[in-house]
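Sequence lines, in order, name chains A and B. This note's numbering puts the first sequence at residues 1 to 280. This note's numbering puts the second sequence at residues 281 to 464.
Hints in this document: simulated from the structure, not taken from any laboratory. Don't be surprised by glycine CBs; every beta carbon is placed ideally from N, CA and C. Please note that the accuracy of each hint is not assured.
Derived lysine-lysine pairs resembling DSS-like cross-links, with alpha carbons at most 25 Å apart [claimed, not checked]:
hint	chain 1	residue 1	chain 2	residue 2
1	A	8	A	118
2	B	319	B	388
3	B	462	A	118
4	B	415	A	118
5	A	276	B	349
6	A	168	B	462
7	B	455	A	168
8	A	45	B	434
9	A	233	B	415
10	A	45	B	319
Footprint (simulated), chain B over chain A, 3 or more residues, beta carbon under 8 Å [said to hold, decoys possible]:
hint	region
11	33–45
12	106–117
13	232–244
In case you want the letters, here they are:
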Amino acid sequence: MKQITYEKIVEEVARLCQEANYDLGQDVIQAFEDSVKTETSEAGKSILNQLIDNANIATANRVPMCQDTGVSVFIVKLGQDCHITGGSLQDAINEGVRTGYEEGYLRYSIVDDPINRKNTGDNTPSVIHVELVEGEDLEIQMTAKGGGAENMSALKMLTPSDGLEGVKEFILNTVREAGPNACPPLVVGVGIGGNFESCAYLAKKSLFRPVGERHVQPDIAALEEEMIIEINKLGIGPQGMGGTTTALDIKIETAPCHIAALPVAVNLNCHASRHKHVRL
Amino acid sequence: MAQHYIRVPFEDGVELELRAGDQVFLTGTIFTARDAAHKRMVEQLEKGEALPIDLTNQAIYYVGPTPAKPGAVIGSAGPTTSSRMDKYTPRLLQEGLKGMIGKGYRSKKVIDSIAENNAVYFAAIGGSGALLAQKIKSSELIAYEDLGTEAIRKIEVENFPCIVVNDHKGGDWYKESQANFKQS
Numbered sequence: 001m002k003q004i005t006y007e008k009i010v011e012e013v014a015r016l017c018q019e020a021n022y023d024l025g026q027d028v029i030q031a032f033e034d035s036v037k038t039e040t041s042e043a044g045k046s047i048l049n050q051l052i053d054n055a056n057i058a059t060a061n062r063v064p065m066c067q068d069t070g071v072s073v074f075i076v077k078l079g080q081d082c083h084i085t086g087g088s089l090q091d092a093i094n095e096g097v098r099t100g101y102e103e104g105y106l107r108y109s110i111v112d113d114p115i116n117r118k119n120t121g122d123n124t125p126s127v128i129h130v131e132l133v134e135g136e137d138l139e140i141q142m143t144a145k146g147g148g149a150e151n152m153s154a155l156k157m158l159t160p161s162d163g164l165e166g167v168k169e170f171i172l173n174t175v176r177e178a179g180p181n182a183c184p185p186l187v188v189g190v191g192i193g194g195n196f197e198s199c200a201y202l203a204k205k206s207l208f209r210p211v212g213e214r215h216v217q218p219d220i221a222a223l224e225e226e227m228i229i230e231i232n233k234l235g236i237g238p239q240g241m242g243g244t245t246t247a248l249d250i251k252i253e254t255a256p257c258h259i260a261a262l263p264v265a266v267n268l269n270c271h272a273s274r275h276k277h278v279r280l
Numbered sequence: 281m282a283q284h285y286i287r288v289p290f291e292d293g294v295e296l297e298l299r300a301g302d303q304v305f306l307t308g309t310i311f312t313a314r315d316a317a318h319k320r321m322v323e324q325l326e327k328g329e330a331l332p333i334d335l336t337n338q339a340i341y342y343v344g345p346t347p348a349k350p351g352a353v354i355g356s357a358g359p360t361t362s363s364r365m366d367k368y369t370p371r372l373l374q375e376g377l378k379g380m381i382g383k384g385y386r387s388k389k390v391i392d393s394i395a396e397n398n399a400v401y402f403a404a405i406g407g408s409g410a411l412l413a414q415k416i417k418s419s420e421l422i423a424y425e426d427l428g429t430e431a432i433r434k435i436e437v438e439n440f441p442c443i444v445v446n447d448h449k450g451g452d453w454y455k456e457s458q459a460n461f462k463q464s
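Work out the full structure, taking the sequences as your base and the hints as a guide.
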């Protein structure tokens, strides 16, 4: 059985938090560069180039690419033969966030209570999803999820008669309504199926896949290809200033569901699609 | 679309010349305020109290910056979504506020209020906080310190880039620019 210490998790999580905020993934930068070539709006091209400059400044100066350094969301794959020593997994992750955000000069964006709204002053608690898997590794995936795009996300309980057309329409409507508010060009995460809460989780989880990568299932991959074209026909463009790059990518995940149900969740991510992971 | 290099606070009604789609570079001092500061300002006005800042001819930047690293004047500082301030904006425009910098759509009520009060709404590039911070030359905490990142700061900007979205003539750049590229 593998032993992983509390301190090791704290250290790795702190590093992930900082790297996620300073170093935009090469997948997103590549998507910006590809979009500059295809974008038909001059203003849109200029915005995309400024986003590339912004990412370069953030990396070079070790400063966050965006002032919204987000809710720290974790998807943890914990091997059933892995033993964490010296404290709980949740405490270790939260301590890692606390350390990473404080030492990294990242913004504290969490309030303790949704009604009374007092800032917790350390960006905790984070949102932690743990999946128990086979093996003895501990894999930690982290995203710094900004509030603007999260606010424009939506979930709808469609029913079977709405069908695939209903799903497509809901995705397009969600992106249309979000417009500039969600900081396009977006990465659109979609969950189809499952139940109310698992559908939302599917959408979030889909955003952890690299930009530019298609789903392994050919029918889902084809739907992703189709929807990216449809989304980019909306005209919203970079920052809602008009153009053909409304989204950099779309990710779709599906799950079995009830005979009466067809849930769809659309979790929007701004262009600062910040994901890092480590396997211990 | 015209390009303007203008000073803030606005002088001699220069804000009236701005039209939707114009590119503007702002130089001077502006205030930062977002959700919690807006709520508190409007609550103060409702109680008949004076605001901690004079909004006459001023611009507010909707931003909650990251903490400044040692030696820096401010951390990353890009715009946040403006619609969350919509509920409070008409009241502040009545106090003489002329400009707002943020990102995203405004409500019909705010757009009408911009026209009535001869004001202007600008968008800066959301998610470019590292780049925009380089246009900020100083930052001073002015009020509501307990709000942390949401406190009101007076910041000095130099050629801060933004685009006019809503002008006082009813122009709406999001609508106009997107219409040119809509294919479905």
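> For the region 106–117 of chain A, does the count of residues with a C-beta closer than 8 Å to a C-beta of chain B reach 3?
Replying inline: holds (count 5)
> Are residue 168(A) and residue 462(B) close enough, with their CA atoms no more than 25 Å apart?
Replying inline: holds (17 Å)
> Counting residues of the region 33–45 of chain A with a beta carbon closer than 8 Å to any beta carbon of chain B, are there 3 or more?
Replying inline: The restraint on the region 33–45 of chain A holds, since 3 of its residues have a Cβ under 8 Å from chain B and three suffice.
> Straight-line Cα separation of residue 462(B) and residue 118(A) no greater than 25 Å?
Replying inline: This hinted pair is violated, its Cα atoms lying about 42 Å apart.
>> Quick check: do three or more residues in the region 232–244 of chain A have a beta carbon closer than 8 Å to a beta carbon of chain B?
In response: holds (count 11)
> When you check the alpha-carbon spacing of residue 415(B) and residue 118(A), does it fall within 25 Å?
Replying inline: Violated: residue 415(B) and residue 118(A) sit about 30 Å apart, past 25 Å.
> Are the Cα atoms of residue 276(A) and residue 349(B) separated by 25 Å or less?
Replying inline: holds (23 Å)
>> Tell me if the straight-line CA distance from residue 8(A) to residue 118(A) falls inside 25 Å.
In response: Not satisfied, since the Cα-Cα distance of roughly 30 Å exceeds 25 Å.
> Holds or violated: residue 319(B) with residue 388(B), Cα cutoff 25 Å?
Replying inline: Within the cut-off at roughly 20 Å; holds.
> Under the criterion that the straight-line Cα-Cα distance not exceed 25 Å, is the pair residue 45(A), residue 319(B) satisfied?
Replying inline: violated (37 Å)
>> Between the alpha carbons of residue 233(A) and residue 415(B), is the straight-line distance 25 Å or under?
In response: violated (34 Å)
> Hey, residue 455(B) versus residue 168(A), does the alpha-carbon distance stay inside 25 Å?
Replying inline: holds (23 Å)
Going through the hint list in order, the structure does not satisfy hints 1, 3, 4, 8, 9 and 10.
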